[in-house]
Amino acid sequence: DAKTTQPTSMDCAEGRAANLPCNHSTISGNEYVYWYRQIHSQGPQYIIHGLKNNETNEMASLIITEDRKSSTLILPHATLRDTAVYYCIVRADKLIFGTGTRLQVFP
Amino acid sequence: DAGVTQSPTHLIKTRGQQVTLRCSPKSGHDTVSWYQQALGQGPQFIFQYYEEEERQRGNFPDRFSGHQFPNYSSELNVNALLLGDSALYLCASSLKRSRLNQPQHFGDGTRLSIL
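Line order of the protein sequences matches chains S and L.
Quick note on this note's numbering: the first sequence kicks off at 8 and runs consecutively.
Quick note on this note's numbering: the second sequence kicks off at 6 and runs consecutively.
Because the hints were derived from the structure by calculation, they are not lab data.
Derived DSS-like pairs (lysine-lysine); straight-line CA-CA distance at most 27 Å: (1) L:Lys101 to S:Lys101; (2) L:Lys31 to S:Lys101; (3) S:Lys10 to L:Lys101.
Please model the entire structure based on the sequences and the hints provided.
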């Protein structure tokens, strides 16, 4: 199973873009990159996923490098409600959660 | 469109007892996975059910067992409860028959406390 590396914590000012990096240098050719977030006391919430092309939905954008060894989740206009732990995962069936990045959005 | 629902939301048991947790998958999903999340840690995969059979299993003892019903709902059973089983138990559902690696969607979990 591919492993991921994320910063432990990040801060972001409200209204600014939050860019959350993830390294997954051992990802295999057919593994997708998934992003989830978990707000305290709730289940993980699916955000976005991709294989090799950049993806965008109503929540976020996902930028995957050409060699697929890293990716960045972008929240274009962070709000206080985006404060959560963000997990980057590279397998679909058996999700292996690391420690994630604790994003704190401040006013 | 109902999402993943889990019951009960909270449960208190004592050591040695047995517990059953329930999960109804998101409409249209046929696969259910269970995860255990201890306080301050990320969720850990317990097992996955598809077509009423256990398909994958994580590093959990046989005290943890499950079942999937014909309507795709699922149960997680834990026997001989230990203090260390205190955790948030999460259910996630997905659609297996997809070529697009559709993501799993989670419920809000059952918080189990062992006294």
